[in-house]
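Asks: As a plain string of letters, each chain reads:
2 protein chains.
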Amino acid sequence: MADYIEPKLASGFKDYLPEDMIPRQEMFDRIRAVFENFGFVPLDTPGLEKDEIITGGDPDFKMNVWHASIKDDSEKMALRFDLTVPLARVVAGNPDIKKPFKRYQIGKVWRGERPQAGRYREFVQFDADIVGSTSVLADAEIIAIMNATMIALEIPNFLIRINNRKILNGLTEYAGFSPDKNSAVLRAIDKLDKQGWDKVSTELCDAKIGLTSEQAEAIKKFVDLRAHTPIETLDAVEALMIKSPTAMNGISELRELVDAIKAMGVPDEKWKIDLSIARGLGYYTGPVFETVLTDILEIGSVFSGGRYDGLVSKFSAQSVPATGASVGV
Amino acid sequence: MADYIEPKLASGFKDYLPEDMIPRQEMFDRIRAVFENFGFVPLDTPGLEKDEIITGGDPDFKMNVWHASIKDDSEKMALRFDLTVPLARVVAGNPDIKKPFKRYQIGKVWRGERPQAGRYREFVQFDADIVGSTSVLADAEIIAIMNATMIALEIPNFLIRINNRKILNGLTEYAGFSPDKNSAVLRAIDKLDKQGWDKVSTELCDAKIGLTSEQAEAIKKFVDLRAHTPIETLDAVEALMIKSPTAMNGISELRELVDAIKAMGVPDEKWKIDLSIARGLGYYTGPVFETVLTDILEIGSVFSGGRYDGLVSKFSAQSVPATGASVGV
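Residue numbers (the working numbering), protein chains in the order written: chain A, 47 to 375; chain B, 47 to 375.
Check the hints yourself; a few may be wrong.
Remember, identical chains collapse to one label, so a pair may be satisfied in a single copy or spanning two.
Restricting the straight-line Cα-Cα distance to at most 27 angstroms, the calculated cross-link-like pairs of lysine-lysine (DSS-like) are [stated by the list, open to error]:
id: 1; residue 1: Lys-54; residue 2: Lys-145
id: 2; residue 1: Lys-96; residue 2: Lys-54
id: 3; residue 1: Lys-316; residue 2: Lys-240
id: 4; residue 1: Lys-60; residue 2: Lys-144
id: 5; residue 1: Lys-54; residue 2: Lys-117
id: 6; residue 1: Lys-117; residue 2: Lys-96
id: 7; residue 1: Lys-227; residue 2: Lys-245
id: 8; residue 1: Lys-145; residue 2: Lys-60
id: 9; residue 1: Lys-154; residue 2: Lys-117
id: 10; residue 1: Lys-60; residue 2: Lys-96
Source of the hints: derived by calculation from the structure; they are not laboratory data.
Extracted from the complex, chain A is given alone in its bound form (with noise of 0.2 angstroms):
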């Protein structure tokens, strides 16, 4: 028997010795020194905060944290799972900072996945933020970012996937179904790549959500429309969703956002509206957007973000407005 302690790993934990971490550590410093071109400026905050703060009110928010505890101290405290609550939080705490607010921020992060093959439980996040503006031209500047950073990691083949969560939230009046069903209607949906639109619809129609078959019908219209180019595409959708203010608040935020992407100069080729795009998490607001690399599109989203206008106020009196965008590696 062995006297003394497996030199193991827990699963879902990684090491990176130096043949891993040089290279890896090359990526970061490429990674950063495009934010910095960008003028974000670096912000650190604790890996560690209390609990309330990191698993807050919201269900989405509570998904597999780690709470951390210590002898003698009764405080209910959680390791981070992202960089953008921490951020709501300095914003919320010190008003004082000067707004716009670019900042980025480099850390690990934590989550209780399910350990499987790919998916870890620690891992570092590159995370870009513009706080204080509600101007689609900071939303702009963030898929600027992704794009300059995939460049700067010399990956050739990827797509800046991009929609607005406004066009999303009006599928209930275009559509015609309860609005207590929209957050299920749109995971639904967000699972379109993997699963095909046959599964997308039995999902809609089963007796969880419940839609009928002509409205399960428009939605699928509606996917449709991602096809096209992106005007086509406004022009497109703005047509079916007319009855709806809602989208139609959404599309004119897109043709502000479109036309700021192209005057930033990212080529035409490097991005896509696409409107099954919803991101995971509930705190989008507005323009939501995320990179897939073309050639190995199983791997799903790998730097990812959107408009969170109401995260702040989770912490604060005052609400203010946010954008931004991550990158776990």
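Since chain A is already given, all that's left is putting chain B on it; use the hints.
Replies: Positioned in the frame of chain A, the structure of chain B alone reads:
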């Protein structure tokens, strides 16, 4: 009443806003550049490991460790309190790593310090170690890297204090007290700088340790030797401890180390033999070193380490020698 979550950090934790983080990041980059110039390669290990790895069997290691848990998972986990224990685990678990293995690691560590001014429960540690060499040249290289780091940080007034644990372990033979009192005696000596001799002497002779006044007097003679130049100190301590084979072994190692430090070009005024230096952690086995800022001695040591030839064998049947130092920032 507020209907939002108070945006507060737990006590002992700190945000670094951009005005703090920009110079901090610059400092991080400089330290990393020094480590890389010395040919050290990066390693990364998780912040969170199995509890048995982090806390081990050693009572020194159980101090104030943060435990972590997640719903539906029974495995006991803990946050790392240093980067040396994870290094020992990596070396034991990857026996094929080419040695000597010169690695650096940068990462956050967590400790359950009682909250008080200037003591944080989370900080960033920079750690440089050489694994697989028993040579004092490896210890000298660690001292050279400590010197180069202080220069790179443009800190003019510092002093690296050097000792050898074997000399301290020889105190039982030299002063004639029981070996089971040795760690308590070392802990008392370690307080000399902060408390002065009178308090240390009282502690040595109190009921708990129980040395005789003759034994305490012998220890005073010993610690007083640190006032001299390195060569004088070595000659004097050799004359004093001639009857302790353990100490003679340490003195001989220290003579070799002094030659190696000089050969590496670390200026004479930047280091000193100080026989009172013990270092807190139990795992050190040979040379120990710590850097103090001579303008602000009260903050204690800022960059410290030593040789720990037994640590890897906690995790493996083989024993692997190692030496290193770390700076917490």
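Asks: Each of the hints needs a verdict: does it hold here or not?
Replies: Now the hints, each set against the structure:
no., hint, in the structure
1, Lys-54 x Lys-145, "between (46 angstroms within a copy, 21 angstroms between copies)"
2, Lys-96 x Lys-54, "between (29 angstroms within a copy, 8 angstroms between copies)"
3, Lys-316 x Lys-240, "within (21 angstroms within a copy, 63 angstroms between copies)"
4, Lys-60 x Lys-144, "between (38 angstroms within a copy, 20 angstroms between copies)"
5, Lys-54 x Lys-117, "both (25 angstroms within a copy, 21 angstroms between copies)"
6, Lys-117 x Lys-96, "both (16 angstroms within a copy, 17 angstroms between copies)"
7, Lys-227 x Lys-245, "within (18 angstroms within a copy, 73 angstroms between copies)"
8, Lys-145 x Lys-60, "between (38 angstroms within a copy, 22 angstroms between copies)"
9, Lys-154 x Lys-117, "both (24 angstroms within a copy, 20 angstroms between copies)"
10, Lys-60 x Lys-96, "both (26 angstroms within a copy, 12 angstroms between copies)"
Comparing the model with each numbered hint stated earlier shows that all of them hold.
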